[in-house]
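Spelled out, the chains give:
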Amino acid sequence: MKESALTYSQAKQELEEIVSAIESGELDVDALTEKVKRASELIAFCKERLTKTDEELQKILDEIN
Amino acid sequence: MPENSLSLSELNGQVSDAIRDHLPDTYWVRAETSDVRLNRNGHCYLEFIEKDARGQNIVARARGVIWNNVYEMLSSYFETETGQPFVSGLSILVRVSVDFHELYGFSLSVVDIDPSFTIGEIARNRQLVLRKLEEEGVLTLNKELTFPELTNRIAVISSPTAAGYEDFCDQLAKNPYGFVFYTRLFPAIMQGERSEPSVIAALEKIYAHKEHFDAVTIIRGGGSSSDLSCFDSYYLATNCAQFPLPVISGIGHERDITVIDIVAHTRAKTPTAVAELLISHASKTAVELMDLQQRLVEKSGLILQSLQDKLGELSRRMIHSSRFFVREELSVVQQLSIILNHQAKRLLQAENHSVAEKSQYIHMASPENILKRGYTLTLKNGKIIKSATELSEDDIIETLFTDGKAESIITKK
Numbered sequence: 000m001k002e003s004a005l006t007y008s009q010a011k012q013e014l015e016e017i018v019s020a021i022e023s024g025e026l027d028v029d030a031l032t033e034k035v036k037r038a039s040e041l042i043a044f045c046k047e048r049l050t051k052t053d054e055e056l057q058k059i060l061d062e063i064n
Numbered sequence: 000m001p002e003n004s005l006s007l008s009e010l011n012g013q014v015s016d017a018i019r020d021h022l023p024d025t026y027w028v029r030a031e032t033s034d035v036r037l038n039r040n041g042h043c044y045l046e047f048i049e050k051d052a053r054g055q056n057i058v059a060r061a062r063g064v065i066w067n068n069v070y071e072m073l074s075s076y077f078e079t080e081t082g083q084p085f086v087s088g089l090s091i092l093v094r095v096s097v098d099f100h101e102l103y104g105f106s107l108s109v110v111d112i113d114p115s116f117t118i119g120e121i122a123r124n125r126q127l128v129l130r131k132l133e134e135e136g137v138l139t140l141n142k143e144l145t146f147p148e149l150t151n152r153i154a155v156i157s158s159p160t161a162a163g164y165e166d167f168c169d170q171l172a173k174n175p176y177g178f179v180f181y182t183r184l185f186p187a188i189m190q191g192e193r194s195e196p197s198v199i200a201a202l203e204k205i206y207a208h209k210e211h212f213d214a215v216t217i218i219r220g221g222g223s224s225s226d227l228s229c230f231d232s233y234y235l236a237t238n239c240a241q242f243p244l245p246v247i248s249g250i251g252h253e254r255d256i257t258v259i260d261i262v263a264h265t266r267a268k269t270p271t272a273v274a275e276l277l278i279s280h281a282s283k284t285a286v287e288l289m290d291l292q293q294r295l296v297e298k299s300g301l302i303l304q305s306l307q308d309k310l311g312e313l314s315r316r317m318i319h320s321s322r323f324f325v326r327e328e329l330s331v332v333q334q335l336s337i338i339l340n341h342q343a344k345r346l347l348q349a350e351n352h353s354v355a356e357k358s359q360y361i362h363m364a365s366p367e368n369i370l371k372r373g374y375t376l377t378l379k380n381g382k383i384i385k386s387a388t389e390l391s392e393d394d395i396i397e398t399l400f401t402d403g404k405a406e407s408i409i410t411k412k
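Residue numbers (numbering that gives the first Met the number 0), protein chains in the order written: chain D, 0 to 64; chain R, 0 to 412.
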């Protein structure tokens with residue numbers, strides 16, 4: 000998933016909003032499907048940020064003078 | 000040459016005698032240590048200095064020595080009591096004898112030391128620094144920052160060769176959850192007089208790239224006690240307190256809490272403990288994420304289940320109600336057909352009756368029947384004559400009876 004502009008905190012916040020919306024039970028089935036799909040993407044994004052090494056990022060830090 | 004002149008050694012000898020006569024005892028003296036060094040034989044040489052009240056100008060200075068047999072005893076006693084080695088820059092209270100040697104000049108020989116004075120001075124200095132930071136409103140600034148949820152880009156201030164730095168990196172790298180951490184070392188001198196400007200310079204460098212980091216840690220190898228005075232420095236403390244990223248201290252000291260430990264966002268005892276803290280923060284973040292995921296899966300599963308249940312219910316109701324409807328319709332149709340049947344019969348019967356009546360009437364009105372009843376038909380040239388005006392004298396007419404016909408001639412009209 001390419002969402003370089005998205006930060007972890009933003010993703011997490013959006014995820015929390017989706018889960019709250021789903022828990023409120025006010026979504027119709029089409030909206031629900033869409034929200035679950037988006038939430039899954041956000042979870043994958045957050046997990047990746049937590050556990051997958053980004054070589055680019057380490058490179059940026061190494062190149063600081 | 001005046002007769003009363005003295006050789007230098009004679010003069011120095013008299014100075015020496017005068018000092019011995021006038022300052023024969025040992026004296027407790029308050030001073031600051033400077034330029035402390037040990038020679039090969041284990042004798043400790045140093046300078047005692049006194050600064051003015053503002054701590055800027057030196058107002059008194061004296062050379063000093065601690066002979067090796069005394070130094071061995073006093074230095075370990077001092078270190079045990081204060082938690083820090085006998086080094087330059089300390090406020091001390093020592094008992095000295097005042098000596099003057101013809102060759103080496105004036106010096107103070109230390110015979111005893113009072114570590115509690117130094118402890119008090121360190122504590123007093125810390126209190127002064129803390130109060131100043133508080134008055135300036137910066138004391139708790141760093142503590143008011145929050146760790147970003149994802150804190151994995153760490154700027155490390157450490158001596159590059161310190162074991163503590165290696166421990167820190169190892170600990171992060173081998174965390175059992177597979178969290179990823181990015182570290183970048185900003186080397187600094189972590190001990191002695193040059194450490195204060197060195198650590199501040201490292202902080203300034205990180206500040207210039209602060210958007211690339213989530214947190215800063217200042218770490219130093221643990222274990223033996225060491226000179227902590229730089230971590231009580233006002234300038235370093237005010238830099239740390241106002242730093243825009245959370246600072247974690249891990250300067251490896253069990254006993255003392257330095258000013259840096261107090262102003263830092265979080266204090267850990269050792270570099271390893273700093274790493275543990277970062278890993279546990281990442282775990283917390285991961286647990287929150289997993290919790291959200293579980294809530295999502297559970298709730299959306301429940302909703303889908305209930306939707307399916309509703310669909311099932313609807314389809315059951317539809318089948319049921321359509322069966323009912325069909326049954327209803329069937330019975331209506333059956334009833335209708337019975338009614339229809341009955342009505343049709345009645346209609347037919349009525350028709351039959353009416354046809355019979357009509358046929359009887361038609362039968363009664365037929366010419367044969369009328370002829371039978373004695374009426375006759377008159378024809379001329381095969382056409383029925385309904386009026387006498389149609390006839391003239393000498394016309395031949397035909398008269399039809401029920402059982403035959405007869406011809407006649409009109410004789411008179």
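One or more of the hints may lead you astray.
Derived SDA-like pairs (lysine to any residue); straight-line CA-CA distance at most 25 Å [as the list claims (entries may be wrong)]:
1. D:Lys58 with R:Arg183
2. D:Lys34 with R:Lys173
3. D:Lys34 with R:Leu310
4. R:Lys298 with D:Asp53
5. R:Lys173 with D:Ile42
6. D:Lys34 with R:Phe146
7. D:Lys46 with R:Leu310
8. D:Lys46 with R:Ser279
9. D:Lys46 with R:Phe146
Since the hints were made in silico from the structure, they are not lab data.
Hints, one by one, checked against the model:
1. In summary, the hint linking Lys58 of chain D to Arg183 of chain R is supported, as the alpha carbons are separated by about 10 Å, within the 25 Å threshold.
2. Taking the CA atoms of Lys34 of chain D and Lys173 of chain R, the gap is about 36 Å. The hint is violated against a cut of 25 Å.
3. The straight-line distance between the Cα atoms of Lys34 of chain D and Leu310 of chain R is roughly 21 Å, inside the 25 Å bound, and the hint therefore holds.
4. With a C-alpha separation of about 33 Å, the suggested pairing of Lys298 of chain R with Asp53 of chain D is violated against the 25 Å cut-off.
5. A C-alpha spacing of about 24 Å is found between Lys173 of chain R and Ile42 of chain D, which places the hinted pair at or below 25 Å, so the restraint holds.
6. Straight-line distance between C-alpha atoms of Lys34 of chain D and Phe146 of chain R comes to about 29 Å, which puts the hinted pair past the 25 Å bound.
7. The suggested pairing of Lys46 of chain D with Leu310 of chain R is violated, with an alpha-carbon distance near 35 Å, which exceeds 25 Å.
8. A distance of roughly 16 Å separates the Cα atoms of Lys46 of chain D and Ser279 of chain R; the hinted pair therefore holds under the 25 Å criterion.
9. In summary, the hint linking Lys46 of chain D to Phe146 of chain R is supported, as the alpha carbons are separated by about 18 Å, within the 25 Å threshold.
Comparing the model with each earlier hint shows violations of hints 2, 4, 6, 7; every other hint is respected.
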